[in-house]
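For reference, the chains in residue letters:
Protein chains: 2
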Amino acid sequence: SIVQVLENEFRKTTILQGKKVLITAGPTRENIDPVRYFTNPSTGRMGFALARQASLMGAEVTLITGPVDLETPGGVKRIDITTAEDMYQAVLKEYPQQDIVIKSAAVADYKPKVTYEQKMKKSSGEYAVEMERTKDILKELGRQKEHQYLIGFAAETNDLESYGRQKLEKKNLDAIVINNVAEEGSGFGHDTNASLMIFRTGKENTYPLMSKDDLARNILEESVHDLKGESS
Amino acid sequence: SIVQVLENEFRKTTILQGKKVLITAGPTRENIDPVRYFTNPSTGRMGFALARQASLMGAEVTLITGPVDLETPGGVKRIDITTAEDMYQAVLKEYPQQDIVIKSAAVADYKPKVTYEQKMKKSSGEYAVEMERTKDILKELGRQKEHQYLIGFAAETNDLESYGRQKLEKKNLDAIVINNVAEEGSGFGHDTNASLMIFRTGKENTYPLMSKDDLARNILEESVHDLKGESS
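So the protein lines, in turn, are chains A and B.
The opening position of the first sequence corresponds to residue 1 in this note's numbering, with each subsequent residue numbered one higher.
The opening position of the second sequence corresponds to residue 1 in this note's numbering, with each subsequent residue numbered one higher.
A hint or two may mislead.
Listed below are the simulated EDC-like cross-link pairs for lysine to aspartate or glutamate, each with C-alpha atoms no more than 20 Å apart in a straight line [what the hints assert, rightly or not]:
#, chain 1, residue 1, chain 2, residue 2
1, B, LYS171, B, ASP159
2, B, LYS121, A, ASP136
3, A, LYS135, B, GLU156
4, B, LYS20, B, GLU156
5, B, LYS113, A, GLU126
6, A, LYS121, B, GLU156
7, A, LYS19, A, GLU204
8, B, LYS119, A, ASP159
9, A, LYS170, A, GLU221
To be clear, the hints were calculated from the coordinates, so they are not data collected in a lab.
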């Protein structure tokens, strides 16, 4: 709409000028056969909000996304993937040249051991799908980290702070955003999030329920300040 | 758009006036835990096209749909469901008072035996998801059929005719529409379908690649003629 165009114009800044920002978004699909798969309820809205706002802040944005029903924000380079393995390959390829990397995708942590090429025919009985772990993308990004500022996401119902700190340490992150999915209107499928952002430096920011675009701006602004060593 | 509004006005007919039409659409989701589920790539477009066109033809339309990202067509009563069991309950409740019933939903034929209330925590190992059959909705509709004209759908890559005839008999259908998913642009996620429609009477119609709205009109018109015992 015209209001949105004007709003976007008003919000344009240059604080991410010259920075390369990589954002992952959406779910992945792990197929059992051509017409059956495992997935999760991620709509990609948080990642697309991050991509849109980073672009408005002047960044060169790459958005790697699973199957979602969203339009690519203006000026953003979009790479579509389907499986966790696709996501791993795409992210690791883009990683070396990035300044800020935000992993907001809900990547499947398990996949079927076997994917059948043909549609399985129904049988009357029961059966079991053997599952195995996918590669841990965030952990690998933490391991290979050089100059990149690396931000992870988590969705929790309780103990946000202690779980967040653990994950930040374990994955060698610079910051983590923990969505409080116990709060009404927060998380999967909503346009709003209530979150806690924890930084490697020890700082914590609590964000009440706000639009994913507003949360995205907060996350990006904090990252830039933190990168520059400013207090905010 | 204005073009669509005019097109819809132009297409309004009364051939389904006074008829109650029930249409099912979209995929179902079968949860393993609150953030993991089995599903399929159905977008619901075929079912929504059927609902829209049936409404334009004057029918009183009920649309029972799984999770899809589509707007409800004007004048259509929409019921949202998530699982195959939800779909079964909703469809069987609406069934007795319907004249034409079209099952275009892609209902899961298997579901996890157990759905966990809490998000499963990752473990390093492998595991197996025990699956069991869901209820066969179409078969039950065929069994309980009285005055209803019952149409099923199938998606096949080969032997469309013989597979279609088998399913028509087994489920006690009046007609079946078999999408040729081997043809480029046909089936899941496309705006077009190439199909074969087989009738209990023995008649067969082959439809080349066309929009799902055009196919929907053909299916509905044929059903009305068939109901009235007209040849067409």
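For a C-alpha distance cap of 20 Å, please report whether B:LYS121 and A:ASP136 respect it.
Between B:LYS121 and A:ASP136 the Cα gap is close to 14 Å, so the pair holds against 20 Å.
For the pair we were handed, B:LYS20 and B:GLU156, check the Cα-Cα distance against 20 Å.
The given pair, whose Cα atoms are some 29 Å apart, is violated under the 20 Å limit.
Mind checking the alpha carbons of A:LYS135 and B:GLU156 for me, to see if they're no more than 20 Å apart?
Cα-Cα ~34 Å, so violated.
Taken at face value, is the distance from the CA of B:ASP159 to the CA of B:LYS171 at most 20 Å?
holds, 18 Å
Is A:LYS170 within 20 Å of A:GLU221, Cα to Cα?
violated, 24 Å
Measure nothing beyond the straight line between the CA atoms of A:LYS19 and A:GLU204; if it is 20 Å or shorter, mark the hint as holding.
The hint is violated at about 24 Å.
Hint consistency between A:LYS121 and B:GLU156 [alpha-carbon to alpha-carbon, up to 20 Å]
Holds - the C-alpha atoms of B:GLU156 and A:LYS121 are around 11 Å apart, at most 20 Å.
For a C-alpha distance cap of 20 Å, please report whether B:LYS113 and A:GLU126 respect it.
Holds, at roughly 9 Å.
Given the hinted pair B:LYS119 and A:ASP159, is their Cα-Cα distance within 20 Å?
With Cα atoms ~14 Å apart, B:LYS119 and A:ASP159 stay inside 20 Å; holds.
Figure legend: structure checked against the earlier numbered hints; hints not met, in rising order: 3, 4, 7, 9.
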